[in-house]
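Number of protein chains: 2
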Amino acid sequence: MIADTIKDQIAAGQYKPGEKIPAIRALTRSLGVNKATVHKAFEYLKREGVIDNRVGSGSYVRFPDKIHAPNHFFDFRTDYLNEQFFPYQQAQSIFNRLFEEEKAQALAPTPVQGDPELLRILSRQYHLPAECMLIISGAQQGLDLVSKVFAANISESIVFEDPTYPGAISLFRARHFVPLESDGPDLDQLDLQLKSQIRLFYTMPSVHNPTGLSYSHQKKEAVAQRARRHGFYIIEDDYLGELDPAQSRLVDIEPRYTIHIKSFAQTTLAGIRLGFMVVPPDLYHQFVYAKFSSDITSSGLLQKFLREFIRQGLYGTHLDRVREQAASRRRRLHAVIDRFPFLSVPPDQSGYCTWVTPKMALTLNHEPWCRGQEFSFTPVFKSCFRLAFMHMNDADYTRGLSYLDTVLERCASADSD
Amino acid sequence: MIADTIKDQIAAGQYKPGEKIPAIRALTRSLGVNKATVHKAFEYLKREGVIDNRVGSGSYVRFPDKIHAPNHFFDFRTDYLNEQFFPYQQAQSIFNRLFEEEKAQALAPTPVQGDPELLRILSRQYHLPAECMLIISGAQQGLDLVSKVFAANISESIVFEDPTYPGAISLFRARHFVPLESDGPDLDQLDLQLKSQIRLFYTMPSVHNPTGLSYSHQKKEAVAQRARRHGFYIIEDDYLGELDPAQSRLVDIEPRYTIHIKSFAQTTLAGIRLGFMVVPPDLYHQFVYAKFSSDITSSGLLQKFLREFIRQGLYGTHLDRVREQAASRRRRLHAVIDRFPFLSVPPDQSGYCTWVTPKMALTLNHEPWCRGQEFSFTPVFKSCFRLAFMHMNDADYTRGLSYLDTVLERCASADSD
Numbered sequence: 005m006i007a008d009t010i011k012d013q014i015a016a017g018q019y020k021p022g023e024k025i026p027a028i029r030a031l032t033r034s035l036g037v038n039k040a041t042v043h044k045a046f047e048y049l050k051r052e053g054v055i056d057n058r059v060g061s062g063s064y065v066r067f068p069d070k071i072h073a074p075n076h077f078f079d080f081r082t083d084y085l086n087e088q089f090f091p092y093q094q095a096q097s098i099f100n101r102l103f104e105e106e107k108a109q110a111l112a113p114t115p116v117q118g119d120p121e122l123l124r125i126l127s128r129q130y131h132l133p134a135e136c137m138l139i140i141s142g143a144q145q146g147l148d149l150v151s152k153v154f155a156a157n158i159s160e161s162i163v164f165e166d167p168t169y170p171g172a173i174s175l176f177r178a179r180h181f182v183p184l185e186s187d188g189p190d191l192d193q194l195d196l197q198l199k200s201q202i203r204l205f206y207t208m209p210s211v212h213n214p215t216g217l218s219y220s221h222q223k224k225e226a227v228a229q230r231a232r233r234h235g236f237y238i239i240e241d242d243y244l245g246e247l248d249p250a251q252s253r254l255v256d257i258e259p260r261y262t263i264h265i266k267s268f269a270q271t272t273l274a275g276i277r278l279g280f281m282v283v284p285p286d287l288y289h290q291f292v293y294a295k296f297s298s299d300i301t302s303s304g305l306l307q308k309f310l311r312e313f314i315r316q317g318l319y320g321t322h323l324d325r326v327r328e329q330a331a332s333r334r335r336r337l338h339a340v341i342d343r344f345p346f347l348s349v350p351p352d353q354s355g356y357c358t359w360v361t362p363k364m365a366l367t368l369n370h371e372p373w374c375r376g377q378e379f380s381f382t383p384v385f386k387s388c389f390r391l392a393f394m395h396m397n398d399a400d401y402t403r404g405l406s407y408l409d410t411v412l413e414r415c416a417s418a419d420s421d
Numbered sequence: 005m006i007a008d009t010i011k012d013q014i015a016a017g018q019y020k021p022g023e024k025i026p027a028i029r030a031l032t033r034s035l036g037v038n039k040a041t042v043h044k045a046f047e048y049l050k051r052e053g054v055i056d057n058r059v060g061s062g063s064y065v066r067f068p069d070k071i072h073a074p075n076h077f078f079d080f081r082t083d084y085l086n087e088q089f090f091p092y093q094q095a096q097s098i099f100n101r102l103f104e105e106e107k108a109q110a111l112a113p114t115p116v117q118g119d120p121e122l123l124r125i126l127s128r129q130y131h132l133p134a135e136c137m138l139i140i141s142g143a144q145q146g147l148d149l150v151s152k153v154f155a156a157n158i159s160e161s162i163v164f165e166d167p168t169y170p171g172a173i174s175l176f177r178a179r180h181f182v183p184l185e186s187d188g189p190d191l192d193q194l195d196l197q198l199k200s201q202i203r204l205f206y207t208m209p210s211v212h213n214p215t216g217l218s219y220s221h222q223k224k225e226a227v228a229q230r231a232r233r234h235g236f237y238i239i240e241d242d243y244l245g246e247l248d249p250a251q252s253r254l255v256d257i258e259p260r261y262t263i264h265i266k267s268f269a270q271t272t273l274a275g276i277r278l279g280f281m282v283v284p285p286d287l288y289h290q291f292v293y294a295k296f297s298s299d300i301t302s303s304g305l306l307q308k309f310l311r312e313f314i315r316q317g318l319y320g321t322h323l324d325r326v327r328e329q330a331a332s333r334r335r336r337l338h339a340v341i342d343r344f345p346f347l348s349v350p351p352d353q354s355g356y357c358t359w360v361t362p363k364m365a366l367t368l369n370h371e372p373w374c375r376g377q378e379f380s381f382t383p384v385f386k387s388c389f390r391l392a393f394m395h396m397n398d399a400d401y402t403r404g405l406s407y408l409d410t411v412l413e414r415c416a417s418a419d420s421d
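Chains A and B, in that order, give the protein sequences. For the first sequence, the positions run 5 to 421 when our numbering is used. For the second sequence, the positions run 5 to 421 when our numbering is used.
Possibly wrong hints are sitting among the right ones.
Put simply, identical chains are the same to the list, so a pair is met inside one copy or across any two.
[As the list claims (entries may be wrong)] As a list, the in silico EDC-like pairs of lysine to aspartate or glutamate whose alpha-carbon atoms are at most 20 Å apart:
1) Lys-107 with Asp-398
2) Lys-44 with Asp-286
3) Lys-107 with Asp-400
4) Lys-386 with Glu-160
5) Lys-107 with Glu-87
6) Lys-363 with Asp-324
7) Lys-50 with Asp-286
8) Lys-11 with Glu-371
9) Lys-107 with Asp-409
10) Lys-39 with Asp-8
11) Lys-50 with Asp-192
12) Lys-11 with Asp-195
13) Lys-223 with Glu-378
14) Lys-363 with Asp-409
15) Lys-386 with Asp-286
16) Lys-152 with Asp-400
17) Lys-44 with Asp-79
Hints in this document: simulated from the structure, not taken from any laboratory.
Produce the entire structure from the sequences given, and follow the hints as far as they go.
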């Protein structure tokens, strides 16, 4: 019962994720119960995953954990590519040739910032300066390095889009949000946030997660101009920008204030955990050092694999195929969604996901998608959901679409009852 | 000149690594100079690598960066294995078979805590519980995860051995040290440290870096008993314990208070960045979550490679060969050192390094080894040095030994001048 009271207080927003719950002693007084009762309630809330104990510090409202067991039925949750899309035989040949040509050197250590030849190739391919570039073990590590370089009071000094990528919410213990409109952030709201001590703005300006939208070029310019004026850094998370190659990049518009993070885990396969980041020159040394203290360096063997995969043009061909497949799967998915007038999707989405806004709340016990509240603390997004459509194989996807159709049909009839 | 004054103050210990330097305004007053002069001195010290600016927080005495360009002459610094020791053809066959058998599934994502089959095999091989085990991208990441789980005020609440691994000093911004004796830590000093709020003790009880020593079993018991009594956690960094397999482990003596970290980067090759950690059950969830927010998961492909390398018995055979080669190279190195009566090495060292204590300070501009001050802030270790002997290939090592002989000969004659 005490546990329910605390749960209600959390649901009502009295304590937000990451906030400290008053100590047992204080609650004993304020709730007028004995210590053992409060202690039992805390133990219960901990088991339930509502609060977290931090060693030597107290109890905190838990940030939503973004560690999901994939849904083994029809997985519209996971936004990684299915393995069928990846040319594994070409990968096998590359590993073979690496061992033939470099022998055990294929497994030699690389410099902290990355394999020099890979840096050179990436620099040429992405038109970004190699001397400000750093190889990372995936985009999440890029964010982790930012949290290290800007450690002091970070959760108070970073602004997020709303909705946004949950891995960033949890890592940075997000407190400040700017609502996303169809062409980018609400600039008035952003200006309001900039009145406090903001040092960072975390954004996915192209192929945004979860909405699949991209900023207009004007909004990108407007964000860059604010970064210059207020002196904050933009974290441009380019986790899937290649799916919409016509998009402009903030790192080109304002390199001095942009920390650009590019992932390969999403465009190749999750078993290859690599990405790169490009940072403003005056922060470079700090980022290299943060990388070193995180994991010394990313696997040299995988770096050499990626180097060859790009150099031989295989990556380009692979991307073309992925874009084509994604477009076709999206069309099939939208054909299903369009049958239900209570569902709407924004136009001009790209990437591997579609973001659905229903006119009513769909209540399901085991929905096959990611719910809106995984991407936002704002009630308005609670009924939205994200459908990822590139993780199933072809056969499962076809069956998955008709399963989805059944599920939505059931929601529709439940509503008309 | 102002810069020199500040440098002298740092050398005299007035400001220690990680400590904040007074603001420019304060120094202007205390040194009686104008603001521009102090500003210039700060800029100079920053360029020199003596201080660091942290965005929005001020200037700090810099922790020694442990990012070294390897010495390309004769490298007695680097403590990774040379590639010649690694059976790369067997590695090549494993990758081939993985792609043949698993096809693109070889590159599928793994759960956050690691490939289940690898966890099972490691559990059996190392007699440690799989349900408390987590695959990490090398031992440094294990330390980084500890720094995340025990974030609050960590540099005040962790004790280190003196000397110790520099990657840990920098990561945790070390403040508390316990001198190491030939059989383990000075227990009286440890007890003194335990009077303050200590939550962690970072130790390499077997094949210690840089000294190559191992604790006696009695001292291991004594440390475990103190962990139980005071409720602190032991970080057992088992980066190279397999080089001395008869050693007992703290994780066996006191599993409830031991965070055990095992690296494979040192025993295989640095291009394979993998390790595992075993943590007390009540901390497991927090560590899995810290791993997720650091880099989601370690490369599935490399995990599968390691799984096969161990399962097929290749790792065991490889270790036997490495131990044999290390013993032989150590004998040859000690034969050189023994020629110089002003040098002494502790008995019963193991691993890839030897720790040398000279009777006098050896002054060289470009010494081929790691200097004592990289492992300790204590003046007594300043003249010591560490010689790593497994990173050169056979031909370079033979020439390296005679180069070392020449260098030491020169030191000897300089002293007798």
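Violating hint indices (sorted, rising): When the structure is compared with the hints, numbers 4, 6, 8, 9, 11, 12, 13, 15, 16 and 17 turn out to be violated.
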